[in-house]
Amino acid sequence: MFVLMAMAMLGGLLTGAVLAPQGFLVALVGAPLGGSLCAALGGLLLMQRSGAGRLSDPDLDAQADAMVASLRAAAARARRLDENPDQAADARAA
1 MFVLMAMAML GGLLTGAVLA PQGFLVALVG APLGGSLCAA LGGLLLMQRS GAGRLSDPDL
61 DAQADAMVAS LRAAAARARR LDENPDQAAD ARAA
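Sequential numbering from 1 applies to the sequence shown in my numbering.
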């Protein structure tokens with residue numbers, strides 16, 4: 001959010017400075033438009049930059065499958081320890 005505010009203020013000031021030779025009224029009207037345009041461009045840049053790091057659906061599906069497999073393995077190991085109390089005692093001692 002701070003990046004967008006900074007882009008808007010900087011864009012407005014620069015637009016006003018560039019349009020100042022055309023007249024005060026033109027600079028006054030153009031500054032908010034230039035600031036809004038710079039904020040929109042900054043937002044697009046942030047969106048493009050943050051979108052590159054996101055995982056796609058197949059990546060998320062693979063991660064979910066890996067987590068489910070590890071949970072099933074832990075549950076199977078717990079069941080084996082419950083069925084054989086001697087191994088359970090040995091596992092707790094270690």
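If you are wondering where the hints come from, they were derived from the structure by calculation, not from laboratory data. These numbers were taken from a predicted model, which means no experiment stands behind them. Positions of the beta carbon are idealized from the N, C-alpha and C atoms, including for glycine. Just to be clear, a hint being listed does not mean it is correct.
Claimed, not checked - Quick list of simulated restraints, FRET-style, between CB atoms:
no.	residue 1	residue 2	range
1	Ala-40	Ala-20	18 to 26 angstroms
2	Asp-65	Val-29	54 to 62 angstroms
3	Ser-36	Leu-71	44 to 52 angstroms
Holds or violated: the 54 to 62 angstroms window for the beta-carbon distance between Asp-65 and Val-29? Hint holds: Cβ distance 57 angstroms, inside 54 to 62 angstroms.
Look at the Cβ atoms of Ser-36 and Leu-71 and judge whether their distance stays inside 44 to 52 angstroms. holds, 50 angstroms
With respect to the beta-carbon atoms only, verify the hint that Ala-40 and Ala-20 lie 18 to 26 angstroms apart. holds, 23 angstroms
When held up to the earlier numbered hints, the structure conflicts with none and fits them all.
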